[in-house]
Amino acid sequence: MKIIVDLDKCQNYGQCTFEAPTVFALDNDGVLVYQTEADSALADDVNAAADVCPMQAITIIHD
Amino acid sequence: MTVVVVGAGLAGLRAAEAVRGHGLAVTVLGDERHLPYNRPPLSKAALRESATAADLAFRIRRDDLGWRLGQPVVGLDLYRREVLLADDTVPFDALIIATGIRPRVLPVPGPPPMVLRTVEDAEALRRALTPGRRLLIIGAGFIGCEVAATARAMGCAVTVCAADAEPMIRPLGEHLGAGLRRRHEQAGVEFHLGVGVSGYEPSGVTLSDGRTLTADVILSAVGSVPNTQWCAGNGLDLVDGVLTDNRLCAVRTTAAGEEGAEAPVLAVGDIARFPNPLFDEVPRRIEHWSMPTDTGRRAGAVIAALLAGQSPALDFRPLPSFWSDQYDATLQSFGMPALGVPTLASGSWDGDCIVEYHRDDVLVGVVGVNRTRELATYRPRIGSVSDASQPAAD
Ligand SMILES: Cc1cc2nc3c(=O)[nH]c(=O)nc-3n(C[C@H](O)[C@H](O)[C@H](O)COP(=O)(O)OP(=O)(O)OC[C@H]3O[C@@H](n4cnc5c(N)ncnc54)[C@H](O)[C@@H]3O)c2cc1C
Ligand code: SF4
Chain E
27 MKIIVDLDKC
37 QNYGQCTFEA
47 PTVFALDNDG
57 VLVYQTEADS
67 ALADDVNAAA
77 DVCPMQAITI
87 IHD
Chain P
9 MTVVVVGAGL
19 AGLRAAEAVR
29 GHGLAVTVLG
39 DERHLPYNRP
49 PLSKAALRES
59 ATAADLAFRI
69 RRDDLGWRLG
79 QPVVGLDLYR
89 REVLLADDTV
99 PFDALIIATG
109 IRPRVLPVPG
119 PPPMVLRTVE
129 DAEALRRALT
139 PGRRLLIIGA
149 GFIGCEVAAT
159 ARAMGCAVTV
169 CAADAEPMIR
179 PLGEHLGAGL
189 RRRHEQAGVE
199 FHLGVGVSGY
209 EPSGVTLSDG
219 RTLTADVILS
229 AVGSVPNTQW
239 CAGNGLDLVD
249 GVLTDNRLCA
259 VRTTAAGEEG
269 AEAPVLAVGD
279 IARFPNPLFD
289 EVPRRIEHWS
299 MPTDTGRRAG
309 AVIAALLAGQ
319 SPALDFRPLP
329 SFWSDQYDAT
339 LQSFGMPALG
349 VPTLASGSWD
359 GDCIVEYHRD
369 DVLVGVVGVN
379 RTRELATYRP
389 RIGSVSDASQ
399 PAAD
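If you're matching them up, the sequences are chains E and P in order. The first sequence stops at residue 89 when you use my numbering, and every number in between is there. The second sequence stops at residue 402 when you use my numbering, and every number in between is there.
So that you can see chain P by itself, here it is in the shape it has in the complex (with noise of 0.2 angstroms):
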């Protein structure tokens, strides 16, 4: 039995840690060179100091796990169970997509500018940033504002503009963005919001009101794109990343029939689109640090006992969680913020503060800045603990 990972970053580990924990033969297949490395100092502390894909790899906890690094996997056939690379074929018993997104391209005219995401992004960028130039940072979001904030201790000028109204208003909500935004300027940070890019330029770009921003380093964060491409022509659901069911078990969306359809595929990370009761039985994607151990742990448990004929329970129910460091900010979150109307419970919007997220009486969510300790005393009372005792629904 042979379980093959596509994908050597955090999920794609974990995933074959866990396979090979239950005694499973496993082998990861990556186009990144590197073995696993960590992400988030990136957009931090790698940023402002340079980093090599060794000094933020993970520990990881077994060497008997298979590795096939630098090179795509450019396709999958599951009727045969092969993933195809440009001058091989991999075959595997069960499959983990581990892939991950990628940042997304605005679909503008001109010199593209810059993305990060990997290593080699983050040192890039790295090099740009000397003291004395501007940055514009095109979107608000988690690692646009991470950017602005290192950037400014880099010494650098640093300007935002995106298309949203605040700051991280969609994780965040409206007040906490607000307060953050205003963090970032009382920081020397210049912010264009509401607004979308028209067009880049050399010296800058051109904003759909028609004004013009001028800077030496243009950095594009503006979200992702899951990376499924090699998965397509097999059936399976990928309008949003991979949509599985609570087990991580990738939905099929034509009937399976064929016999050698039937191999577990499973997708684990940034890139799984998987119901969690916790909250409600919508698939979600969640682009958080925590998902990929979370998950891939979950994987290695599916896969051993769909191999060994059990059906797993539909019980799997993470509590997702996020940080995030900005000057001297720390913001932390569990739950799904976003799927709640923000209150402050202690605090104030521009300072330190616990803010919670609640649907129709539910707890779903509690972002705190620099509020560590008291947000932990959270964790069980987010979601529908009710609901744990009732059957999970198709």
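Chain E with its partners taken away, still in its complex shape (with noise of 0.2 angstroms):
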């Protein structure tokens, strides 16, 4: 599974984190960092991440 985060529209707002906290994280300066492959055993959770995040940033392209 592919994970794509449209930094243009995202805003930090963690949201994604606490859904998807080993694949989704704020760094020190509270900027986020991803992973941009999961494994498909976390796919209900990186969902999940995808439907919190207010900004709707998160496209997840399945394999």
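Read the hints as simulated data drawn from the structure, not as lab findings. Treat the hints loosely; a few may be bogus.
In silico lysine to aspartate or glutamate, EDC-like type, Cα no more than 20 angstroms apart, as pairs [to be verified]: (1) E:K35 to E:E45; (2) P:K52 to P:D129; (3) E:K35 to P:D63; (4) E:K35 to P:E182; (5) P:K52 to E:D34; (6) P:K52 to P:D333.
Take the two lone chains and join them into the complex the hints point to.
Shown next, in the form of structure tokens:
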């Protein structure tokens, strides 16, 4: 599963980090860092993260 | 088994996805012409730069949801298990009410001002806000304050008048409200607080103290009214939204009696008034963006359980969260600050800060201004964690 975050849209609210903490995190400056690939076992969490993103900035491409 | 969802906003969408995920057929009925779209940008980026409903559309997880858009639901017959359109009826085995709220209108004479709820409202307001025009905003809640900030960035002169003593005073308290007012004042916004509006004029308003304010554009942002009219006459408690229990099942004020009345009826999103044991047993409506997703998922699970003859646990304890962007300030909140007494935990009321809200030693909410990362550490501490093991009261 590939993960793309539109960083022009992302406002670093961090909502995604609560749903899928192994994939999304805020760095020390509060800026989003994320993995661009995730195991399909994490699909539920990553989908939930995309749901709760206030900017709807997260796109998931399933393999 | 068919589940009908009325209201095609975020809550209707998330509820429909959840219901379908449990293997049930679902149809969503909505009066707006658009598939569900994101409202928060309407007072922020989408007000500055034009955006269509398609630009703001939510990602929809499933392509097997039924949609009937562009037609309002005008009535409900719980006994017959039907919702009524102007020229048709739609039968259901279970119903989810997701019709949200509409802007409240002050009972004041004169030409009605603009409001902001839909993408069409935002487009009309955007067109009116050309540089140099004078915008008068009635109401100093979140939407009023966000529009004030956006309109300043668009080059408009902005005046805010409100009955409250400070902006956003009800959710945030006096000190943080005053701090945010000073941010707005530094950006050139003029405030008239503690005063009502007694008349709309073509070129401004008359205030309750007799003064007049002139403006080219007037926006009313004075709270909301739940869209429950279509549910009337079915024994539901519609005093403020749709009263539900912790399962989100609507509470019937008259004994159901008839067989037909036993179909599951749930409410989700801005319209649902439900008890959240994270805080207490008092049912409340929460107009935050996080609730549609939490309540939508919950509704799907509850309906699946009920239709399978099971009784869902009374363990729904969602943590409300809110954000707001004004100038360079990003406000974020977790919990229900309005329930508690504020104390400054770090920073200053006028600048970036974290404010804790306590009720009887329990942390009920936290608000941060430009403190996203630290705020996250508060999340697990919010609410009456200790009552998790106690049975929820009836
Ligand atoms: C301008 C603006 C800015 C906001 N900013 C923020 C923010 O920064 N942060 C935040 O947390 N929240 C914000 N919110 C609140 C957030 O958008 C709402 O909490 C959320 O939209 C609620 O979703 P909902 O599905 O319950 O209601 P809605 O999105 O209102 O959806 C209800 C739908 O039902 C339809 N409907 C109503 N009556 C009928 C009928 N009789 N028949 C058929 N359909 C009907 C409505 O037209 C609407 O499409 C903002 C809201 C607005 C308007
Ligand atoms: S939830 Fe969305 S806006 Fe917030 S950090 Fe994650 S991707 Fe960015």
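Looking back at the numbered hints, which does the structure fail to meet, lowest number first? 4
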